[in-house]
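*Asks:* Below are the chains, spelled out letter by letter.
2 protein chains.
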Amino acid sequence: MRILIAGGAGMLGRKLADRLARDGVIGGTPIAQLVLADVVPPVAPAGAAFPVETRVADLSQPGVATALVEGRPDVVFQLAAVVSGEAEADFEKGYRINLDGMRLLLEAIRSVGDGYRPRVVFTSSIAVFGAPFPDRIGDEFHLTPLTSYGTQKAIGELLLCDYTRRGIVDGVGIRLPTICVRPGAPNKAASGFFSSIIREPLNGAEAVLPVADDVRHPLASPRSAVANLVHAAGMDSALLGDRRCLTMPGLSVTVAEQIAGLREVAGDAAADMIRREPDETVARIVAGWPRAFDTARADALGFRCESRFTEIIDVYVADELGGVPAGAAR
Amino acid sequence: MRILIAGGAGMLGRKLADRLARDGVIGGTPIAQLVLADVVPPVAPAGAAFPVETRVADLSQPGVATALVEGRPDVVFQLAAVVSGEAEADFEKGYRINLDGMRLLLEAIRSVGDGYRPRVVFTSSIAVFGAPFPDRIGDEFHLTPLTSYGTQKAIGELLLCDYTRRGIVDGVGIRLPTICVRPGAPNKAASGFFSSIIREPLNGAEAVLPVADDVRHPLASPRSAVANLVHAAGMDSALLGDRRCLTMPGLSVTVAEQIAGLREVAGDAAADMIRREPDETVARIVAGWPRAFDTARADALGFRCESRFTEIIDVYVADELGGVPAGAAR
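Chains as they are written, first to last, in numbering that gives the first Met the number 0: chain A, 0 to 329; chain B, 0 to 329.
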């Protein structure tokens, strides 16, 4: 089984590659080759028992997608995207990367022909939903994005479904909740504080909280996001019927519950490193975001997430800090 | 007020141009100029009190949309599209005309800049919805197209909303029900029989009915579709908030009710000219179509349709047959 990860240098792409290197299989089938592609040079995972190739490639440029699918990967993970804040700040770049890139990838697959029909796992986003919505958003809630990023992801979902229906790809779209705790430096996503109020204190640094403590939002760890990507690649896609896109489970917690979890895992000193600095702009954006989902479809199909927020912190401490919070004494 | 009709040579485009020529105003504002554009030469309406320009233009070709919006029309009717059957039969053409054409039009408007922000009235379709769905589909039912045409229209809706939110256009998308009675020769739409079983008998010819008499579907006359296009152009779009696309009212009738209406208007001889010739392919397609909509939003905003099927027949007889059914004696 040959695998392509488009967006393989991003946070999820790297973690997905690491996981595939460890597992050596997807859905029981041995991995024969992995190609990581991204606009910046991807890093091959350590210890893979199969050949790994890295390529610098911008899917939105003519011919690039065609070259990427020449080797007929059996599974294509389409993670290549610019994030919400950047897609909002740079209209043209957002449409070029998030819409044209997706479309050119699907078109490249179509042009192979000859019965080639790879599993395409597309990372969509809960940003396809926009307020007003109910407290718990069901699997059949309509697509009402209120950002250009959400619009581009919703269009990607529609394309994925149509190309699947036409027999060109075997698509599975998964709408990831906000990933927490994101390692490393903040990206341009407006949701960055959900991670930084945990990550910075665990690293001994102050964090800024721009919204109220009662803000509620669904979160999942990078580890469960990766597990769900792998599950999407190996699952029986016939179970999805024509509705190929699914909201992934996320743990719906308030900021107050996040902070309580941090206090439980890393003590008062860590929790006290969060400085409240209300930001009306961020608060207004976040007010338009989902609070919780009813993910019955994904649950029934075997997709999973954490059930307590401390588990999400534990994943960060285990995977990024070698098991020890750096900043705060218990 | 300057008006552009993209798709001005199509059935609705022609009727819209005729109506604008008769009215001379939209929403109380006098029309100063009308441009009709289409891939085939449009025909200027008779009796317009304002200048009418016709242009052969394919929106999906580079630069064409830019030239069309150079004159800064205040209202752009975006009716240019290939129909469902053709978009399904010719994958590339469907995406080129229905998706690229729409996007290039929006991009051309964006590139004008300088505060230019026209009202864009986009004809979407109930094909954005796909089975399974409830007997009456509400305004918040999710987009689940099961055809490439429906996919392209759904993407057009998403683009219209995002370009509106970004202040580039002032968009109103209206999802037209199936138009009945369509004049002239059948087009490639699978819904053609809803019109032909009325039109052909009224013109003294036999019609073929490929589905069962209990098939139920929402219909509206070309006249009410045009009235709703004009209403969308003149309405206060702020009432729409961020959800710029609306399902238009349609009269939900069964084929049996259509035939009863034909019998009432044109007699038994007309109704007897319908030959039942079940077609499994058409029946299967139609089984995936909506049966009725709850159009509370559009109703409250002043959009209208016929309330009895005989009214729909009467519109055809009045507008296309000079008031007299040609084929059948009462």
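Treat the hints as calculated values from the structure; they're not laboratory data.
All values reported here derive from a predicted model rather than from experimental measurement.
The reader is advised that the hints may include incorrect statements.
What follows is a set of in silico ranges between Cβ atoms, one per label pair, in the way DEER data are often shown [said to hold, decoys possible]: (1) 50/A to 55/B: 52 to 62 Å; (2) 301/A to 278/B: 38 to 48 Å; (3) 71/B to 133/A: 55 to 65 Å; (4) 89/A to 134/B: 53 to 63 Å; (5) 212/B to 211/A: 55 to 65 Å; (6) 130/B to 287/A: 27 to 37 Å; (7) 259/A to 92/B: 15 to 25 Å; (8) 27/B to 235/A: 22 to 32 Å.
A few chain B residues facing chain A, derived, Cβ under 10 Å [said to hold, decoys possible]: (9) 106; (10) 161; (11) 165.
All residues carry an ideal CB built from backbone N, CA and C; glycine is no exception.
*Asks:* Next item in the hint list is residue 161/B. Is there a CB on chain A closer than 10 Å to its CB?
*Replies:* The hint holds - residue 161/B has a Cβ within 10 Å of chain A, the shortest such distance being about 4 Å.
*Asks:* A range of 15 to 25 Å was offered for this pair. Does it hold for the Cβ distance of residue 259/A and residue 92/B?
*Replies:* 57 Å, violated
*Asks:* With chain A as the partner, please determine if residue 106/B meets the hint condition of a C-beta pair closer than 10 Å.
*Replies:* 9 Å, holds
*Asks:* I want to verify a distance hint. Is the separation of the beta carbons of residue 130/B and residue 287/A within 27 to 37 Å?
*Replies:* Distance hint for residue 130/B, residue 287/A holds at roughly 31 Å.
*Asks:* With a cut-off of 10 Å on the beta carbons, see whether residue 165/B makes it to chain A.
*Replies:* 7 Å, holds
*Asks:* Range hint 22 to 32 Å: satisfied by the CB atoms of residue 27/B and residue 235/A?
*Replies:* 59 Å, violated
*Asks:* I want to verify a distance hint. Is the separation of the beta carbons of residue 212/B and residue 211/A within 55 to 65 Å?
*Replies:* 59 Å, holds
*Asks:* Okay, residue 71/B versus residue 133/A on CB: inside 55 to 65 Å?
*Replies:* Because 42 Å falls outside the window, the suggested range is violated.
*Asks:* Measuring from beta carbon to beta carbon, are residue 301/A and residue 278/B in 38 to 48 Å?
*Replies:* 40 Å, holds
*Asks:* Does the Cβ pair residue 50/A, residue 55/B satisfy 52 to 62 Å?
*Replies:* Once the Cβ atoms are compared, 55 Å apart, the range 52 to 62 Å for residue 55/B and residue 50/A holds.
*Asks:* Take the C-beta atom of residue 89/A and the C-beta atom of residue 134/B, compute their distance, and say whether it sits inside 53 to 63 Å.
*Replies:* At roughly 45 Å between Cβ atoms, residue 134/B and residue 89/A fall outside 53 to 63 Å, so the hint is violated.
When the structure is compared with the earlier hints, violations turn up for hints 3, 4, 7 and 8 and for no others.
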